[in-house]
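Residue 28 in my numbering sits at position 28 of the sequence shown, and the numbers go up by one each step.
Everything labelled a hint here was simulated from the structure, so no lab data went into it. Some clues are possibly wrong.
Unchecked claim - Label-pair restraints from in silico Cβ distances: (1) Gly-67 to Asp-40: 34 to 44 Å; (2) Lys-78 to Pro-136: 28 to 38 Å; (3) Gln-102 to Lys-78: 16 to 26 Å; (4) Arg-115 to Asn-65: 19 to 29 Å; (5) Lys-107 to Gln-68: 20 to 30 Å.
No residue lacks a Cβ here, since even glycine has one placed at the ideal position from N, Cα and C.
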Amino acid sequence: MKKIIFIAVILIVGFSNTQVKAQLRINIGSQPVWGPTGYDHVDYYYLPDVESYYNVQKRQYMYQNNGQWISSATLPTKYSNYDLYKGYKVVLNEPKPYLHFQDDKVKYIKFKDYRDQQEYIKNSNDSKYFIVKGHPKYTGNNKYGDKHDGTMGHQNNGRKNKGNDDNDNEDDDHDKGNKGKGHDDNDHKGKGNKGKGQEKD
Numbered sequence: 001m002k003k004i005i006f007i008a009v010i011l012i013v014g015f016s017n018t019q020v021k022a023q024l025r026i027n028i029g030s031q032p033v034w035g036p037t038g039y040d041h042v043d044y045y046y047l048p049d050v051e052s053y054y055n056v057q058k059r060q061y062m063y064q065n066n067g068q069w070i071s072s073a074t075l076p077t078k079y080s081n082y083d084l085y086k087g088y089k090v091v092l093n094e095p096k097p098y099l100h101f102q103d104d105k106v107k108y109i110k111f112k113d114y115r116d117q118q119e120y121i122k123n124s125n126d127s128k129y130f131i132v133k134g135h136p137k138y139t140g141n142n143k144y145g146d147k148h149d150g151t152m153g154h155q156n157n158g159r160k161n162k163g164n165d166d167n168d169n170e171d172d173d174h175d176k177g178n179k180g181k182g183h184d185d186n187d188h189k190g191k192g193n194k195g196k197g198q199e200k201d
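All chains should be modelled from the sequences, with the hints used to inform the complete structure.
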């Protein structure tokens, strides 16, 4: 009898830990309103139209400038009119995907100019997205807490990563000035912001 009870306790504890870890990976509340629906967790979006990345946790774009990766709250000035809602967005769950930019550029070129193919969060009537700031039915009640460390593997491949960390600065206005529809390929969408970042990764 004791052996059965012990096994039961082990199973219950293991199941509980699995549930807790799964919940800690959910970051719906951190995703921008122009992000595509269907993902409980997102580390980065790759934006094929502007050959840039968006770090969901830090709420910053990452793009190349003179061969160096820049972290910024906005896209480069030349993309200030880019519609993040309409553009395609590829969901990448891995740390520092920009280290594989050349691969991503080729792999996801098929989504360039691929517009209005994804439902975006702002247009969703799924109540789980009501915790996203900027949603028309925003409740401000984020039951998930959006805790995540951004170290999980890529949803699309098992690439290993190396390199320097991203900048820690973030901008709460990550969805400012955007309108339109979204995508996912995990693919993505959205409209660009004005201005340029000053920090390098």
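Practice task
Determine which of the earlier numbered hints do not hold for this structure and return their numbers in increasing order.
Solution key: Violated hints: none at all, because every hint is consistent with the structure.
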